[in-house]
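Sequences listed follow chains H and V, in order.
Each residue of the first sequence is one higher than the one before, counting from 0 in numbering that gives the first Met the number 0.
Each residue of the second sequence is one higher than the one before, counting from 0 in numbering that gives the first Met the number 0.
It should be emphasised that the hints constitute simulated quantities derived from the structure, not laboratory data.
You may find that some hints are simply not true.
As the list claims (entries may be wrong) - In silico DSBU-like pairs for lysine-lysine, Cα to Cα no more than 35 Å straight-line:
#	chain 1	residue 1	chain 2	residue 2
1	H	Lys-254	H	Lys-98
2	V	Lys-77	H	Lys-212
3	H	Lys-254	V	Lys-77
4	V	Lys-7	H	Lys-231
5	V	Lys-59	V	Lys-77
6	V	Lys-263	H	Lys-254
7	H	Lys-212	V	Lys-263
8	V	Lys-8	H	Lys-231
9	H	Lys-231	H	Lys-32
10	H	Lys-315	H	Lys-231
11	V	Lys-103	H	Lys-32
12	H	Lys-254	H	Lys-287
13	H	Lys-231	H	Lys-287
14	V	Lys-59	H	Lys-128
15	H	Lys-314	V	Lys-99
16	V	Lys-99	H	Lys-254
17	H	Lys-32	V	Lys-99
18	V	Lys-77	H	Lys-287
19	H	Lys-128	V	Lys-8
20	V	Lys-77	V	Lys-103
Claimed, not checked - A partial selection of chain H residues facing chain V, derived with a Cβ cut-off under 8 Å:
#	residue
21	Thr-85
22	Ser-89
23	Asn-90
24	Tyr-135
25	Pro-156
To be verified - The following label-pair restraints were derived from C-beta to C-beta distances:
#	chain 1	residue 1	chain 2	residue 2	range
26	V	Thr-6	H	Ile-168	30 to 36 Å
27	V	Leu-20	H	Ser-89	47 to 53 Å
28	V	Leu-190	H	Phe-227	41 to 47 Å
29	H	Met-35	V	Ile-168	18 to 24 Å
For glycine and all other residues, C-beta sits at the position ideal for the given N, C-alpha and C.
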Amino acid sequence: MKTQSEAIDLTEQKKKAQKKARKRNGDPFSGWKENMSGYLFIAPMFLGTSLLVLFPIFASLALSFTDWNFVSGYNNVNFIGFDNFTALFSNGLFLKALKNNFVLLLAIPVTLMVSLALAVIINRYVYLKDLFKVIYFMPFISSIVAVAVVFQVMFHPTQGPINQLLMSIGIDHPPEWIADVAYSLPSVMLIMIWTSIGFNLIIYLAGLQNIPKELYEAAQIDGASAWFQFTKITIPLVSPTTFLLLVTGVISSFKVFDLIIVLTEGGPANSTLTPVVYLYQQAFIELKTGYASAIALVMFIIILIITYLQFIGQKKWVNY
Amino acid sequence: MTFRFDTKKLITTIIMAIIGLAFLMPFFWMISASLKVEEEVLTFPIQWIPETWHAIENYKEVWTGSMPFFLLYWNSIKVTVLTTLTSVTISCLAAYGFAKINFKGSNVLFLVVLATYMIPPQTLLVTQFLLYRWIGLYDTHTGLILLNSFSVFGTFMLRQFYLGISNEIIESARMDGAGHFRIFTAIALPLVRPAIATYAILRFIWTWNDFQYPLIFLRTEALYTIQLGVQSFSDQHGSVYSLMMAASVSAILPLLIIFIIGQKNVIEGIQLGGVKG
């Protein structure tokens, strides 16, 4: 994050210097002509983003204060103030969905720990590095729909391969996984961890390569153990990477949709319901457009707040 | 230089290989189940090599049955290829603009684009849906293609590569009287070709796997893409596991092939877009 703002600062400085040089030399490529070509190059991207992202944000904001149902036509839009929001925060189902999403966040530290451990091993202690990268990356590129379908069968309470294995090694009453209210959310988390290890691992490998080798050599000369090197050199020096993965992980855990829709549809007994799934149900099954817009807005604000808190908190533990 | 064999490293490699195999177990199980007769799918201990081969029958049912995968494949290929082409073009142009042209407000506009990366796409679905119904893009492949065409990730990643091109080359081309479009096509594009390949592969994989947009923006079954097809297929044949696995293999296999061919590009692209973004 910081490197990026630095990069922007640098390009800014360069651009200013270039501008000055051009004014001196009377460069014909500055001024309105340069501006014009700049706008033309970014126009498709900017227009698309405006139409499909910026405009929808403001439209959601407006719609969230109405009781509109889109099949009833544009004449039936009533402004109802904050009613959607008060209804939302006294709605047990929505609060449960929110709570579930916060439980899902627990999968992130687990993913980070496993990925970092694997990255350190792959980086220094194995042959065939590239092969291992590919193996662990495989779930990340596979379609979540197909993965969800496969796990649906593997998690089958009595006949699924996972429970048959557990029963064969003497566990008489294995968990019923996605069919059991207590285990359904952890099951979803297991699959989330499995699919996101690849991405985290690859980013960690890039982070590890930026640590100067001399640090480890010096530590070795001083007789530091591998564990000491890991905790005192590796962990502090990859903390910017950990921070990046934490922020993107939190944002993406609020986006988990395909997996839940195909695996459980939010069930059993709403134990895997999340705000995005609830949003989808309210908007496209119940057709409550205004109410669904309010959910979207609340989610957006929650993600903004969490990301902001993370940026504040990073000063305590991220080393740049 | 002599090759020194490290026993410790070898043992770690073997242990990691075993963990790796366990990690890929769901894939092996899926492929194995797709080749079996239904009665053998859930036998225990797992019979990795089927006793009775039923592959041809299973895949024939999936590809030509009530939810014909031929059609789904065709739709997916069409949508994915066109999305990849438009997205690469749009991102390439914008990335060049942001990296190599000094225009007023370029930094502010870039930050606006970058900020949209944080927004969960689901929060936009309702208004995008209304907008699409209003302008007539609902239930069309064009609409679906546009949804994945404006990629912040792609723009950012390609911009990083353009920044790496030295300004002297561009300056001298301009002294010779070339305009930006000329420089873009003749000089910049060939230089970032590897980055374009990387982004194109990633966009292909992500669009192929996209489930959410087709679910909300398509209604006509004849327009369904493969991911929607797999879900409807599992609704229809949810209890016939061998067929469901054959459907899953069909949805994943082309991607695995593309990924294995282009894995170096994919991994580098993720690192470049992820670490610096």
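| Any of the earlier hints contradicted here, and which numbers? | 2, 9, 13, 14, 20, 21, 22, 23 and 25
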